[in-house]
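Please model the entire structure based on the sequences and the hints provided.
Reading the first sequence from the start, the letters are residues 5 to 265 in my numbering.
Simulated from the structure, these hints should not be mistaken for lab results.
Be aware that a few hints might be false.
[To be verified] Calculated pairs, BS3-like style, for lysine-lysine (alpha carbon to alpha carbon, straight line, at most 27 Å):
1. K215 x K199
2. K199 x K245
3. K245 x K215
4. K248 x K199
5. K215 x K248
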Amino acid sequence: MRLATWNVNSLVARMPRVLDWLASVQPDVLCLQETKLADAAFPHAELEQAGYASVASGDGRYNGVAILSRVGIDAVARGFADEPGFPDPEHRAIAASCGGVRVWSVYVPNGRALQDPHLAYKLAWLGALRAAAEHELAAPEPLALCGDFNVAPTDSDVWDPAAFVGSTHVSAPERQAIEDLLALGLTDVQPRALKGEPFTYWDYRAGMFHKGLGMRIDLVLASAQLAAAVRDAYVDRDARKGTKPSDHAPVVVDLQLPGEV
DNA sequence: ATGTCACAAACTTTGTGA
Numbered sequence: 005m006r007l008a009t010w011n012v013n014s015l016v017a018r019m020p021r022v023l024d025w026l027a028s029v030q031p032d033v034l035c036l037q038e039t040k041l042a043d044a045a046f047p048h049a050e051l052e053q054a055g056y057a058s059v060a061s062g063d064g065r066y067n068g069v070a071i072l073s074r075v076g077i078d079a080v081a082r083g084f085a086d087e088p089g090f091p092d093p094e095h096r097a098i099a100a101s102c103g104g105v106r107v108w109s110v111y112v113p114n115g116r117a118l119q120d121p122h123l124a125y126k127l128a129w130l131g132a133l134r135a136a137a138e139h140e141l142a143a144p145e146p147l148a149l150c151g152d153f154n155v156a157p158t159d160s161d162v163w164d165p166a167a168f169v170g171s172t173h174v175s176a177p178e179r180q181a182i183e184d185l186l187a188l189g190l191t192d193v194q195p196r197a198l199k200g201e202p203f204t205y206w207d208y209r210a211g212m213f214h215k216g217l218g219m220r221i222d223l224v225l226a227s228a229q230l231a232a233a234v235r236d237a238y239v240d241r242d243a244r245k246g247t248k249p250s251d252h253a254p255v256v257v258d259l260q261l262p263g264e265v
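Here it is as structure tokens:
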């Protein structure tokens, strides 16, 4: 199974590139974040034409998550138990069972600034996600928690730790929240470093991408059973090039599940 | 190192969020 996750920063703006990417990379399952689309406007039919069933959770301008699959898409769940809001719950999580894997597409709150109430929301959200993931891990299906976590887990996951002192995405409590998730028995699947970089996100501004100044904040967290099935993982940084790219590149994980050749 | 992008409403410009 080829499993991927991609923050597309508006599915409307990115649809041509997403369709091209599906055709060339041929993932079996693709998790999307920041679709910025209300469910009523989601392009299910167009994706179906491309060979993918899809489920989505969104309400318009901000946030929005989805899962695309060509290996089945069952037991869909939008949001999760005790999901915090800002102040109301947003559209930041969707889960489905696809080809024998329990797949989550999550868009973790940004946090905005260390002293901003949004940071407390981010930490609370990650805490509630941990509780929900713990519950999911009690089920027999292998679990993949995929998405934009808006946290760079280690100093190696940012282009220059010194540039991030006092910033979100690298602070101790944010990294601890990721550690707490991993402590459930999840593995942070490490993509192959391409051009020596593990990054999945580059700010649009200041030519950051072309200077190689990025962050690894898009993660696939795999249960033990799933981690053992990983055969390859990479960041498709080519998808960050060219005309009208997202500011994130997809993370692609190749799995050899029991029974798969 | 805040130089871009996407979106919508205050709508040919600004604000918000990232």
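TODO: List, from low to high, the hint numbers that the structure doesn't satisfy.
DONE: Hint check: nothing fails, all pass.
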